[in-house]
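Just so you know, the sequences run in chain order E and Z.
Using my numbering, you'd call the opening residue of the first sequence number 279 and step up by one each time.
Using my numbering, you'd call the opening residue of the second sequence number 14 and step up by one each time.
Source of the hints: derived by calculation from the structure; they are not laboratory data.
We treat Cβ as the ideally placed atom computed from N, Cα and C, and that holds for glycine.
Incorrect hints may appear among the rest.
Label-pair restraints from in silico Cβ distances [what the hints assert, rightly or not]:
#	chain 1	residue 1	chain 2	residue 2	range
1	E	G545	Z	I295	49 to 57 Å
2	Z	F125	E	K370	57 to 65 Å
3	E	E514	Z	D136	36 to 44 Å
4	E	K519	Z	G158	32 to 40 Å
In silico EDC-like cross-links for lysine to aspartate or glutamate, where the CA-CA straight-line distance does not exceed 16 Å [unchecked claim]:
#	chain 1	residue 1	chain 2	residue 2
5	Z	K55	E	D369
6	E	K394	Z	D182
7	E	K439	E	D490
8	Z	K102	Z	E173
9	E	K473	Z	E152
10	E	K439	E	D464
11	E	K563	E	E627
12	E	K473	E	D518
13	E	K306	E	D369
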Amino acid sequence: MRHFLKFAVGTAIAGLMAGGAYAQDTVKVGLVISMTGSQASTGKQIKAAVDLYMKEHGDTVAGKKVQVILRDTASVPDNAKRIAQELIVNDKVSVVAGFEVTPAALAVAPLSAEAKVVELVMAAGTSIITEKSPYIVRTSFTLPQSSVIVANWAAKNNIKKVVTIVSDYAPGADAEKWFIDTFKKDGGQVVETIKAPLANPDFAPFLQRAADAKPDAIFVFVPSGQGAVFMKQYTERGLDKAGIKVIGPGDVTDDDLLPQMGDAVIGAVTAHMYSADHDSAMNKKYVADFTKAAGFRPNFMSVGGYDGMHLIYEALKKTGGKADGDSLIAAMKGMKWESPRGPISIDPETRDIVQNIYMRKVEKKNGQLYNVEFETFKDVKDPAKIKK
Amino acid sequence: MTEPTPTAKLATQGILARARWHPLEFVFWIVAFGSIWFAPNKHLILTEIAWLALFALSLDLILGYAGILSLGHAAFFGVGSYAAALLAKHGIVTEPVLALFCAGLVAAVLGFATSFLMLRGADLTRLMVSLGVALVLRELANQFGWLTGGADGLQGVTMEPILGLFRFDMFGHNGYVYCLVVLFVLFLAARRLMASPFGLSLLAIKGNPLRARAIGIGVDMRLVAIYTIGGFYAGVAGGLLAQTTAFSSLDVFSFDRSADLLLVLIIGGTGYLYGGIIGAVIFKIMQDYLALWSPQYWPFWIGLVLVVMVLVGRDRMTRWSEPLRALVNRLDWRRTPS
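Isolated chain Z (complex conformation) (with noise of 0.2 Å):
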């Protein structure tokens, strides 16, 4: 064997500064996992908040690692809010967590499908392209009155208990902790991936396919499968949401979740992850907040409040934080000085 060129090694330590674990998010984790115990009244809210985060972790991984704009990232989690649905109402798996699994597989297949509509064309044309699928499996849905119960909803799901140990309760309490180790692992087996070279190769992508295709990167294969599992994700998210509310509607593919999650996700920053969580519980308390004060018109103050955000600009946003995570940085023990 040869000994590496200082390229190479430069490279590996580059790719493994990546994967290593930043201080912040080990509290990061223990804030949310703690959330179990120290706010038990607040777990339907925070359940719904860790399905968004999910689904915002999906868009994340298309849009701010390979690029794909979406408005149409509500089909994937419709598919599989329906199936985890359809799958525990016809008792066909009754077992929540490969239920889940079988909606996340259903909405891959569906990713893997429409991904090649996606390599077509650039942004606008992709816009159009997911936007169009998401409408398109609405009207299916509503068309299919006899299966997906039409514009009635999904009604006469129930759930058989987590593992057949843990029942969904009235209280969410145990559904919240299936969501959140759900949001955990899914999200650790994004990062390791994303810091992978394959993740990396997906990042060369977005800065400029011609150079990536230049340098030998297989862009259109790694397109494909970065949307499919995007949609394996985004499908696992909705089929929480069915599972924890045993109902699904139509409104699961409604343009207004695609536009919402964006939203989510630009509130929170695209390309590290923690976006679409951070986001999520930014725009998930935002709202409740706002519409439990207000529950005419704060559509109004949460138009409001976006604007301010865009025109403060997320920059300045995060250099709020920066003292901290220069704290932070100071503190940890790994990092050699220089």
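In isolation and in its complexed conformation, chain E is listed as follows (with noise of 0.2 Å):
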């Protein structure tokens, strides 16, 4: 007991002395995400983002000098959470960055409400990650965004029969709900609905299972990362042969893994925010600039990480670099923005993305593999939130 008090005064007299001498002139950005374990390739093309938005516009916006810290979670929602804690408690980051995986996302929450600390998703993408705490923002997409838009696409286009696969975790959960409510309400049949565990990502018994359903196409969610498996499976099962088509949100054609997807995966529509085949000299620029420094091709969360970085930057203008959560927030709601991906913005009230959603199609240019975008929907907020 006498511990707790003494320790008690001890923090107390601990905390005004390091508040007074704390310095003013760097804003500190925690990045946690996974640089090993499952989710390391998100990680790693998050981190390359980031260096690369920085070897452009320098370390220094509105007189302060921002200094990243990188911090891996090995994939570990335990850890992510851990690590937050200590880079707001010890480093007194201004923002803490990344989270490629909801759990991570959403264990963060808490301490963002608590230490009133800008929580900037990069990549997580279930819908209510950003209700759970006023500090949360996120630039990278919602599952809903896209299956919405994908599902409607599907019954325009003579697909009558669907069998679902996603992962089961939440961002799964959302892509499946909201493509099927979407598709039936469009007169669309979903025959089978399967979910596949997250850990181990072997998909052929659910192939298979999918196969005998005998559907026109596939509904597919898989985290960043998994996309060549299912692929590599589904045409070991015959799938593409049989004639079923391959439809769902960009994630399984991720533009990293594609160009070692084969030619099987070609013609597989999907509903995204981004491609790297996006037609816009920005793009262009970007993903030359991305491939030189990181030596592969930039995909989604890539952008989500590069847009992280511009969001902070230009809300710290804003305020003038002042750093605290409640003028950063206040400054990045509605901030609007041109993006590799196209226009985006921060919507004001959910301090969630709105962004072009594109259909896509697979198709080989110049001898490599490319998501070509065909159709363009503007300015798309996060359906989930709209009903409310």
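Please dock the two separately framed chains into a single complex, following the hints provided.
What follows is the structure in structure tokens.
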């Protein structure tokens, strides 16, 4: 008991001293991502994008030096929470960014709310994340955004019977729910819904079940990094020859892995917010610079990181370098800019991203596979939040 | 009452000598509790070290003392973790200390139930059985998503203050003191237990189960007992993790966690209770330092260090500390000069 008391007094004094002496000329950004473990590919994309942005724009903004502290979560959500806590408490970061999977983003949300620190979600795509703390802002995407659009498209393009295969965790549930609801409303039929475990991606048995149901198409969501396995097994099982199409949010035809997937993937139709093939001067430069610096092609996760940094920089410019949570989040709300993926903005009400969703088809261009965009849906908000 | 025979006297003295506190042990715990004040900004990592140390201690009880090899010790850790998180989430037992005890009990029940499986077969069989139990539990936790949150982890856990007084603060101060006190209390209990005839009989079983049986030690009963106790300890460690992070995910059952734990214990050394604690300190600090220094390639470095450690040999590492021990022994006023 006495320990606690002494300790409380000691901390209070230490806190006061630290508060007074704390220098205000650096703004620290904690980058909490997986550089190792099952989500490492996403972490590497985000890291490369953040590095690229800082190389292009320097590390000083509004008179402040921006310092990024990279920490590896090893793809374990408990680690994400502890690391974010250390960054907030010890390093006094103004922003914690990253979070490639939903559990990590959710685990950190209470900290963000309590410490009033901006949590910038650069990757995770479950709709509810932004509602868990008033300081969460997102630069990636939400799964309902693309799932609704791909459902509309499928219903209009002669796809009547669909089997859904999604990874069994929150984003998968989001994708499945919004696809099925929309597709059924449009008159489509979902013959089977399959959930595949997240941890050990082996889709062969599920693909067999899907094939037996003889659908027109398979709607698939797997997290970034697992798409290659899925497509390989899809070809091995001969589903491509049976004329069963692959549709879904763009995670399955991830630009990073697409070149290695083989020609079987040609014709897969997905809806997503970014393709390395997006036709704009800004994106051409982005892809070229990124590939040169990192040695691999940028995917949709990378733009989340790139735009995340942009959002931090612009918000700092707007606040004149003030980096407390309230000023930053206020500055971020309603921010609009041109990203490599096209025009995007932050919804002032939900702090979620508003962006164009593109329908794309995998095609071969100059001997390489790309998601080629053929239709654009402008300024799509997260459908899950409009309904409320 | 008859005078005890000289052999009995000698045995009593031997047991008492084992129970006596070595001066280094005092130093150890003074440093441990001192860290509350001299490293206030390291409390979050120290919290992890504290529960990992307790977890390693639980493995030491069954491996170091009873010689039961296990690659699935995370099963108990995980059950304790989910139990603590669920109790808090659904408001069943809101006071953390009591909830922690309950979490330990749940894990102990599991330990008791699975101990009968562990009695069958020798090392390799036990390794496989323990691994299997952990895998089964992980998959169960994954399948019962409505209860455990599945792959998303158990969200929305809010912790009540410890004893109704000390809130789990942002800085992790109270959380650390709490973990450290729990570790200390359970360590004392384990120390007492292992210095008792029961602990000695376990060592006999580890040395040679056949001979132990021949001299009249109830082998099976003792193994069941220590496995259950080990389960309790691991469950409490898991509960501490869940309580300090207000979160639990499938990762608590992962094979990596069991394997890492074995590493921790190998680094620190088995069979003297401090091994797990020292191993946890070295392992976590090394991991944290390497991961900070090289976020992308730290697993490589950690692997390298471990290989070097094994090549150099732990015996040699303990030998390095020999001069220190000798010095302390000489200064120890309670020892009669020989």
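Hint check:
1. Separated by about 54 Å at the C-beta atoms, G545 of chain E and I295 of chain Z satisfy the suggested range of 49 to 57 Å.
2. At roughly 47 Å, the beta carbons of F125 of chain Z and K370 of chain E sit outside the given window of 57 to 65 Å.
3. E514 of chain E and D136 of chain Z have their C-beta atoms about 39 Å apart, which keeps the hinted 36 to 44 Å range intact.
4. Distance hint check for K519 of chain E and G158 of chain Z: the Cβ-Cβ separation is about 35 Å, which falls inside the suggested range of 32 to 40 Å.
5. Between K55 of chain Z and D369 of chain E the CA atoms are separated by roughly 11 Å; this keeps the pair inside 16 Å, and the hint holds.
6. Between K394 of chain E and D182 of chain Z, the direct Cα distance comes to roughly 14 Å. Compliance with the 16 Å bound is thereby established for this hinted pair.
7. About 13 Å separates the Cα atoms of K439 of chain E and D490 of chain E, which keeps this hinted pair within 16 Å; it holds.
8. Simply put, K102 of chain Z and E173 of chain Z have alpha-carbon atoms about 10 Å apart, close enough for the 16 Å limit, and the pair holds.
9. For the suggested pair K473 of chain E and E152 of chain Z, the alpha carbons sit about 14 Å apart, so the restraint of at most 16 Å is met.
10. This hinted pair checks out: K439 of chain E and D464 of chain E have alpha carbons roughly 12 Å apart, not beyond 16 Å.
11. The suggested pairing of K563 of chain E with E627 of chain E is violated, with an alpha-carbon distance near 32 Å, which exceeds 16 Å.
12. A threshold of 16 Å between alpha carbons decides the hint, and for K473 of chain E with D518 of chain E the separation of about 21 Å lies outside it, so the pair is violated.
13. As the CA atoms of K306 of chain E and D369 of chain E are separated by approximately 8 Å, the hinted pair is consistent with the 16 Å bound.
In this structure, the hints that do not hold are numbers 2, 11, 12, in rising order.
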